[in-house]
Amino acid sequence: MPEVIPVEKQTTDIAANHHDTRVYESIFDMLPSVENPTPLVRINRLNPEPGLSLFAKLEWVNPFGSVKDRAAAYMLRELERTDSVSATRGIVEATSGNTGLSLAGMAGAKGYHATVVVPDQIPEEKKVLLKIVGAQLEVLNDSLCPTPGLGDGSINMARTHARAEPDKYVHPNQYVNQQNVQAHYETTGPEIWRQTEGKVTHLFVSLGTCGTATGTSRFLKSKNPNIRVVAVQPSAGHDVPGLRNVAQLEVSELFDRALIDDLLEIEYELAYHRALDLCRKEGLLAGPSSGLIFEGARRIAVRDKVGLGVMIFCDNVFKYTSSMVRHLPELTDNAVPRMRE
Amino acid sequence: MADYAHPEVLVDTNWVRDHLDDPKVRLVEVDVDTKSYDAGHIPGAVGFNWQTQLQDQVRRDIISQQDLGKLLSAAGIKPADTIVLYGDNSNWFACYAFWILKYYGHADVRLLNGGRLKWLNESDKPMTTEKPSPVPSNYKINGTHPELRAKLPDVLKIVEDHGQNLIDVRSTDEYTGKIIAPPGMSETAQRPGHVPTARSIPWSLAANTTDGTFKSRDELRAVYFEKGGVDAAKPTVAYCRIGERSSHTWFVLTYLLGQNNVRNYDGSWTEYGSVVGVPIER
Numbered sequence: 001m002p003e004v005i006p007v008e009k010q011t012t013d014i015a016a017n018h019h020d021t022r023v024y025e026s027i028f029d030m031l032p033s034v035e036n037p038t039p040l041v042r043i044n045r046l047n048p049e050p051g052l053s054l055f056a057k058l059e060w061v062n063p064f065g066s067v068k069d070r071a072a073a074y075m076l077r078e079l080e081r082t083d084s085v086s087a088t089r090g091i092v093e094a095t096s097g098n099t100g101l102s103l104a105g106m107a108g109a110k111g112y113h114a115t116v117v118v119p120d121q122i123p124e125e126k127k128v129l130l131k132i133v134g135a136q137l138e139v140l141n142d143s144l145c146p147t148p149g150l151g152d153g154s155i156n157m158a159r160t161h162a163r164a165e166p167d168k169y170v171h172p173n174q175y176v177n178q179q180n181v182q183a184h185y186e187t188t189g190p191e192i193w194r195q196t197e198g199k200v201t202h203l204f205v206s207l208g209t210c211g212t213a214t215g216t217s218r219f220l221k222s223k224n225p226n227i228r229v230v231a232v233q234p235s236a237g238h239d240v241p242g243l244r245n246v247a248q249l250e251v252s253e254l255f256d257r258a259l260i261d262d263l264l265e266i267e268y269e270l271a272y273h274r275a276l277d278l279c280r281k282e283g284l285l286a287g288p289s290s291g292l293i294f295e296g297a298r299r300i301a302v303r304d305k306v307g308l309g310v311m312i313f314c315d316n317v318f319k320y321t322s323s324m325v326r327h328l329p330e331l332t333d334n335a336v337p338r339m340r341e
Numbered sequence: 001m002a003d004y005a006h007p008e009v010l011v012d013t014n015w016v017r018d019h020l021d022d023p024k025v026r027l028v029e030v031d032v033d034t035k036s037y038d039a040g041h042i043p044g045a046v047g048f049n050w051q052t053q054l055q056d057q058v059r060r061d062i063i064s065q066q067d068l069g070k071l072l073s074a075a076g077i078k079p080a081d082t083i084v085l086y087g088d089n090s091n092w093f094a095c096y097a098f099w100i101l102k103y104y105g106h107a108d109v110r111l112l113n114g115g116r117l118k119w120l121n122e123s124d125k126p127m128t129t130e131k132p133s134p135v136p137s138n139y140k141i142n143g144t145h146p147e148l149r150a151k152l153p154d155v156l157k158i159v160e161d162h163g164q165n166l167i168d169v170r171s172t173d174e175y176t177g178k179i180i181a182p183p184g185m186s187e188t189a190q191r192p193g194h195v196p197t198a199r200s201i202p203w204s205l206a207a208n209t210t211d212g213t214f215k216s217r218d219e220l221r222a223v224y225f226e227k228g229g230v231d232a233a234k235p236t237v238a239y240c241r242i243g244e245r246s247s248h249t250w251f252v253l254t255y256l257l258g259q260n261n262v263r264n265y266d267g268s269w270t271e272y273g274s275v276v277g278v279p280i281e282r
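Protein sequence lines correspond, in order, to chains A and B. With our numbering applied, the first sequence covers 1 to 341. With our numbering applied, the second sequence covers 1 to 282.
Don't take each hint at face value.
Derived lysine-lysine pairs resembling DSSO-like cross-links, with alpha carbons at most 30 Å apart [claimed, not checked]:
#1 131(B) <-> 168(A)
#2 131(A) <-> 215(B)
#3 131(B) <-> 131(A)
Derived CB-CB ranges, DEER-like [unchecked claim]:
#4 70(B) <-> 318(A): 23 to 29 Å
#5 134(A) <-> 70(B): 52 to 58 Å
#6 233(B) <-> 178(A): 36 to 42 Å
#7 194(A) <-> 215(B): 29 to 35 Å
#8 120(A) <-> 140(B): 47 to 53 Å
#9 70(B) <-> 235(A): 45 to 51 Å
#10 131(B) <-> 333(A): 49 to 55 Å
#11 121(A) <-> 215(B): 25 to 31 Å
#12 326(A) <-> 78(B): 39 to 45 Å
#13 333(A) <-> 178(B): 28 to 34 Å
#14 168(A) <-> 20(B): 34 to 40 Å
#15 78(B) <-> 121(A): 51 to 57 Å
#16 235(A) <-> 60(B): 36 to 42 Å
Derived coverage of chain B by chain A (criterion: at least 3 residues anywhere in the stretch with Cβ under 8 Å from a Cβ of chain A; other residues may be distant) [what the hints assert, rightly or not]:
#17 126-132
#18 144-156
The set of hints was computed from the structure by calculation and includes no laboratory data. Positions of the beta carbon are idealized from the N, C-alpha and C atoms, including for glycine.
Can you build the whole structure from these sequences, using the hints too?
Here it is, written out as structure tokens:
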């Protein structure tokens with residue numbers, strides 16, 4: 001029988017910051033690392049090629065729900081280290097949602113204000129979530145003629161805020177900030193290496209800011225130069241937030257083409273169909289960018305036949321139900337419940 | 001810039017920086033996204049909203065002579081001032097404002113080459129959220145320059161006698177009729193396609209995407225004359241969907257390439273594509 005401690009002698013405190021008991025002092029202590037990696041889960045029913053094992057790295061397990069927590073944490077830490085943020089000087093960032101969620105969520109927990117600039121076409125769920133975590137939201141009106149660079153007006157808007165009101169805003173700028181790359185070089189890459197016991201042969205990523213692709217692949221290739229990095233991009237005209245078509249990559253200085261062994265352009269509708277497959281047949285509630293990556297991984301598995309592949313699944317489907325309905329209208333069939341007799 | 005036909009209408013960022021305190025130089029920002037000015041602008045610049053301040057709010061037309069006079073007066077601008085226009089997206093709407101100001105006869109209008117993007121990309125160039133408080137002037141507009149503006153009958157005459165160049169500056173998909181208007185546009189037309197005889201030369205071909213500046217004169221010649229098929233000996237009418245993109249092309253042809261008799265058809269496709277009985281090609 002365990003010793004019963006009298007109430008008056010009990011302390012109300014418990015030991016925190018233990019990954020095995022998952023008790024933490026704050027949300028920041030549960031950020032991913034080699035000691036606390038995001039999970040790898042094997043693809044079972046949907047893998048077309050048993051000789052090439054496919055594992056999904058579930059980045060939605062991160063505190064704010066996406067892979068962007070890593071870059072946001074590193075960028076914020078650097079801003080704090082350089083005294084660039086304070087109670088009066090907050091953050092402004094252009095984002096298609098996830099980085100904004102991470103940054104605003106973290107900023108709020110630390111008492112900094114955060115303004116995020118988003119394009120109008122991001123899902124409504126993301127706009128609401130940004131407000132829920134306390135972000136000042138600026139939505140750029142994109143009901144305008146498409147023109148080179150217009151889709152990136154959000155970046156220049158963020159830059160404008162920081163230039164015009166430098167006492168009020170600092171602009172981390174995930175598109176050029178090397179902390180974005182460093183986060184993945186120091187966490188995502190080492191996690192994968194340890195989790196796969198150094199046996200990983202393929203890394204599957206998507207390209208947005210390219211921080212994940214560059215940092216993770218740079219680390220893994222430093223361990224084994226023969227690892228193949230496969231980048232998957234949606235076809236032109238896509239609406240998958242956070243992903244850039246190859247033609248749009250010019251806005252990301254973090255893109256290192258030399259690290260990419262295969263660059264696959266995939267019809268963007270497949271992002272939604274494959275996400276649905278993952279949800280229904282693997283129990284992985286993957287978002288559309290994950291669906292796109294999985295399609296690329298499927299094709300490479302059939303091509304290469306042997307190996308161990310890791311796919312970075314950036315976030316789950318919860319933020320994209322409106323997008324899923326738009327691309328898969330059958331999801332609304334029988335949505336209206338039958339009247340009771 | 002000296003290579004252009006009229007280099008005096010273009011100023012660069014250093015010139016603007018050096019004239020920020022010049023009382024005879026009045027900066028006016030006109031953007032596609034009207035939030036941009038509020039987020040930050042060049043010190044001393046006033047912002048004009050192209051939708052609510054450069055267009056008639058009742059009927060389909062550009063701002064009236066009287067209302068433009070009031071707008072310029074409120075901005076403290078005098079007829080003898082040098083107005084320097086700039087904006088986002090390669091000065092797309094700044095060119096629209098340029099055309100309107102020249103239509104109403106302001107003498108000295110210039111464009112900041114590269115617009116907002118060029119200014120933003122130079123870290124030594126200040127921006128502010130502070131809005132100026134100009135002393136109102138008493139700006140009187142004496143007349144218009146109708147030779148800068150094409151109307152529907154002018155366009156129909158071109159279709160009939162092929163007497164002038166007609167340039168469609170919209171995207172290829174709009175020109176071919178694949179789409180009537182870019183996604184999300186509220187101003188559309190009844191039919192897709194283009195005006196017969198019009199050549200497709202998208203407006204954005206005139207600008208460098210990296211910094212929003214205009215291409216060199218040789219590059220522009222290639223765009224319009226060598227590849228575009230524009231006959232330099234003929235007058236030209238440019239159109240788009242609502243007359244703004246075509247203002248950019250009007251500016252390029254008139255001031256950079258030195259073409260005479262260039263007009264902007266501001267009714268553009270939202271007018272032409274909805275007129276009963278006019279010929280359309282796809």
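inquiry  = So, against the hints stated earlier in the document, which numbers end up violated here?
reply    = Violated hints (numbers, rising): 2, 4, 5, 6, 7, 8, 12, 14, 15 and 18; every other hint is consistent with the structure.
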